[in-house]
Amino acid sequence: MGVRTAARVAIALALIVGTAPVAAADEQPGPAEAAASWLAGQLADGTHMTTTFDGTAYPDHGLTADVVLALDAGGVAQDAASAATAWLAANSGAYLGEGDEAYAGAHAKLALVAQAQGADPTDFGGVDLIARLTALQTDSGRFSDKSQYGDYSNGISQALAVLALHRAGGAPADAVDFLAKACPDGGFRLLIDQEPCVSDVDATGYAVQALVAVGRDASAALDWLEGKQRADGGFPGSDPTPGVNANSTGLAATALAVGGRDAAAAKAVTYLLKRQVDCSGKAAARGAIAYDEGGFDSRAARATAQAIPGIVGVSLAEVSADGAAADARGLTCATQPTSSTPPGTTQATTTAPATTTTKGGVVPAADIDDLADTGVEVGPAVGLGALLVLGGAGLLFVVRRRHAS
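In mature numbering (1 follows the signal peptide of the UniProt record, and there is no 0), the protein residues as written are -24 to -1, 1 to 381.
Don't read these hints as lab results, they were simulated from the structure.
Since this is a predicted model, take the numbers as computed values, not measurements.
Where a beta carbon is used, it is the ideal one built from N, C-alpha and C, also for glycine.
Among the hints, a few may not be true.
[Said to hold, decoys possible] Okay, the calculated beta carbon distance ranges per label pair: (1) 30 to 116: 32 to 42 Å; (2) 104 to 216: 12 to 22 Å; (3) 298 to 173: 32 to 42 Å.
Whenever a hint applies, use it, and build me the whole structure from the sequences.
Pasting the structure below:
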């Protein structure tokens, strides 16, 4: 953990009121490690995440990629991260697009996974992700999908593409120029073709990471983010999920940290840590970051995956598995309560054996109706497809089925 990261977490912990008694520092993992330990334990068969739709669990490639990047950001659980990366490399076809289909966001996200894991993005499961991503750039600089089911590329996929190509040797200037087209208020939109331009916290969080990485000015976007921060440090989503939540707050925290807005970043981390399940919660939930103030539910996996990089303050331009530990320590708790209580911090009071480990049963991932990290409406085929490709659910066949029906 870097000095600035440690300072942000220390400030955040100091701001939390009403926490449980604090155990000795060497008895408990830090917040990011505790969250990573829980998150690694959610991998089905130890290799991938799932999303449930109409009562059926499907492999979720994008969330699996987010988990790998979160574990890398936390600097722990590399046995789990490596297994998940291998699964992604072996099962990327439908997610990336097969035949004449190709999805920009999926290519960019998997390229970032390969880069963070020290794998070759030009030969990831036999696929040259960089060449295929570059081929999706249009004359305008936008990275667009190729599919009979529609173009679901948007502000987040554009930022991911710029980040991936920057790490691969340099993002094209026209692609960066296209990304840098901000709304009049300084933020960035999720839906590229939407008029009037409506800024989105998630899209702005990704855009700031990309702009800072390539040396472009992101001050107006950072100002806009600070203006959207609530008194408790949290950030809101967009319609149809406009409430303050850990997904959007995690992305904003990362952007604020890499943009040098340390005070605002520390406030965001405070919000996240207040939603981390501690030893007063159920054993299966300890370490997780709840989606919102409602407490632990099926959205916690996605929320935790986006919260960890925010707690650590590491950009997708720099996240790396180098030097990361093979395992992650879970919380050590004296008892296992039988009833759920509101999430608190990661502090515990004893040193009994941990019940949350990096290998274990799967807590269900979010149902599609619960996905709110992109702010795209779920239901119509276009909205669902955008969410799946961007948020990364890898359930494109659901969209195909709806188009065919």
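Cross-check of the supplied hints:
Against the hinted window of 32 to 42 Å, the Cβ-Cβ separation of residue 30 and residue 116 comes to about 37 Å, which satisfies the hint. Remark: the range hint 12 to 22 Å for residue 104 to residue 216 is contradicted by a beta-carbon distance near 37 Å. Between residue 298 and residue 173, the C-beta spacing of about 39 Å keeps the proposed range 32 to 42 Å intact.
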